[in-house]
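Q: Residues per chain are reported as follows:
Protein chains: 2
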Amino acid sequence: MDIAILGGTGDIGEGLALRLAYHTNHEVLIGSRDAEKAEAKAAEYEAELDSRGMELTIDGGANADVATLADVVIVAVPPYYVTDTIEAVADDLDAGDILVTPATGMDRDDDGFHYAPPPAGSVTEHAASAVPDGVELVGAFHNLAAGRLANLDADLGVDTFVVGDDGDAKGIVTDIAEGIDGLRALDAGGLGNAAEVESLTPLLINVAANNDGLHDLGLELK
Amino acid sequence: MDIAILGGTGDIGEGLALRLAYHTNHEVLIGSRDAEKAEAKAAEYEAELDSRGMELTIDGGANADVATLADVVIVAVPPYYVTDTIEAVADDLDAGDILVTPATGMDRDDDGFHYAPPPAGSVTEHAASAVPDGVELVGAFHNLAAGRLANLDADLGVDTFVVGDDGDAKGIVTDIAEGIDGLRALDAGGLGNAAEVESLTPLLINVAANNDGLHDLGLELK
Numbered sequence: 337m338d339i340a341i342l343g344g345t346g347d348i349g350e351g352l353a354l355r356l357a358y359h360t361n362h363e364v365l366i367g368s369r370d371a372e373k374a375e376a377k378a379a380e381y382e383a384e385l386d387s388r389g390m391e392l393t394i395d396g397g398a399n400a401d402v403a404t405l406a407d408v409v410i411v412a413v414p415p416y417y418v419t420d421t422i423e424a425v426a427d428d429l430d431a432g433d434i435l436v437t438p439a440t441g442m443d444r445d446d447d448g449f450h451y452a453p454p455p456a457g458s459v460t461e462h463a464a465s466a467v468p469d470g471v472e473l474v475g476a477f478h479n480l481a482a483g484r485l486a487n488l489d490a491d492l493g494v495d496t497f498v499v500g501d502d503g504d505a506k507g508i509v510t511d512i513a514e515g516i517d518g519l520r521a522l523d524a525g526g527l528g529n530a531a532e533v534e535s536l537t538p539l540l541i542n543v544a545a546n547n548d549g550l551h552d553l554g555l556e557l558k
Numbered sequence: 337m338d339i340a341i342l343g344g345t346g347d348i349g350e351g352l353a354l355r356l357a358y359h360t361n362h363e364v365l366i367g368s369r370d371a372e373k374a375e376a377k378a379a380e381y382e383a384e385l386d387s388r389g390m391e392l393t394i395d396g397g398a399n400a401d402v403a404t405l406a407d408v409v410i411v412a413v414p415p416y417y418v419t420d421t422i423e424a425v426a427d428d429l430d431a432g433d434i435l436v437t438p439a440t441g442m443d444r445d446d447d448g449f450h451y452a453p454p455p456a457g458s459v460t461e462h463a464a465s466a467v468p469d470g471v472e473l474v475g476a477f478h479n480l481a482a483g484r485l486a487n488l489d490a491d492l493g494v495d496t497f498v499v500g501d502d503g504d505a506k507g508i509v510t511d512i513a514e515g516i517d518g519l520r521a522l523d524a525g526g527l528g529n530a531a532e533v534e535s536l537t538p539l540l541i542n543v544a545a546n547n548d549g550l551h552d553l554g555l556e557l558k
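Sequences listed follow chains A and B, in order. For the first sequence, position 173 matches number 509 in my numbering, and the numbering has no gaps at all. For the second sequence, position 152 matches number 488 in my numbering, and the numbering has no gaps at all.
Keep in mind the hints are simulated off the structure, nothing from the lab. None of these values were measured; they are calculated from a predicted model. It cannot be assumed that every hint is accurate.
[As the list claims (entries may be wrong)] Stretch by stretch, here's where chain B covers chain A in the computed footprint (C-beta under 8 Å, at least three residues): (1) 448-462; (2) 489-503; (3) 522-531; (4) 534-541; (5) 544-552.
[Claimed, not checked] A few chain A residues that face chain B, going by a derived Cβ cut-off under 7 Å, partial list only: (6) Leu555; (7) Glu556; (8) Leu557; (9) Lys558.
Note that the Cβ used here is the ideal one computed from N, Cα and C, for glycine as well.
Kindly generate the complete structure, drawing on both the sequences and the hints.
A: The following block contains the structure:
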């Protein structure tokens, strides 16, 4: 399957790109608003994989140019850019394509980080407002520590939660996620359940900040 | 230490009472609005422990009567009764006593359960409004599956999150929690971080509802 990662030059985009390229047979495409930056990062990821004995070609390009080639498009951009990014590539998506959003909204005060969803109830539901007809939206990969994901020497052994209103699209994203070694994808229900998934991210950051020896946290349900 | 569990006849109260009595040396007191019900449940817990070879006396009584005897008072009542319950025992607490709240607020729609905090931002912060001067409030035990807790044959191997604005009180509650075999207590910061802890409970319920073979879920950060 062809998977484009828009914002694939950022922290979480890098982690997902490296893990998907390293652990799965999917074709990974790196997108950015700046095509040259995407190409340069794709070359970096190729070099990282080459150092581990994998000779792969990872293409980079402008968001719209990689989105048009992909079956699954992961929108790995900050929460405030999710809808703009989807709208910018909407004409390049085909019916049956799947958009995946890992974004969550947070703010910070003296106590720590707090979940700060948009009026739609969650960033995932806010993203849904920009999704073109015929394309399905799935929320996934919200609670993964970017640094741990990007370090291919780090074991994961953690869960990610998948939300969406279309069972087939959720199934495809679940299979993609579980292609990554040590990642279990759990069905957290419909898009309406995204807030409970997204709000885990500030908790993980707060716990890492308050407990010695814990960092880059994930979680396993058991 | 003397630990009173108000609402100790309910599901989460039963689990905490049995685990604390079974795994720790603390004195556990069962409270209820109905003293006779508390006495009957305390006798049930004694019988359960006796069947495991532990001869303990667990006293039960009216909430105020057990609160006055205790150093730590766990308010194991539904979220809408937390402040009323604290106010009803406020005169029976001494300076230096610690109140512990495990409650979280949820509602439900077609997608599943959702976090529904009161205007204070979280049930824990709402509880704080009723706490008398000189008494510290700590949030803990929010995300534990009651049935699993009450089944002393079930392994835990899960985390609970502790929030509070007084470090000493948090330390005492952390020590109490970690006295339970298989329970790790993680510092999630101040009371202002309670919402991110409380909102885990609906997620755990939603994931259990949507994935075969998962039930009575807890979680481990890793």
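Q: Look at each hint and say if it fits the structure.
A: Results for each hint:
no., hint, verdict
1, 448-462, "holds (count 4)"
2, 489-503, "holds (count 3)"
3, 522-531, "holds (count 9)"
4, 534-541, "holds (count 5)"
5, 544-552, "holds (count 4)"
6, Leu555, "holds (5 Å)"
7, Glu556, "holds (5 Å)"
8, Leu557, "holds (5 Å)"
9, Lys558, "holds (6 Å)"
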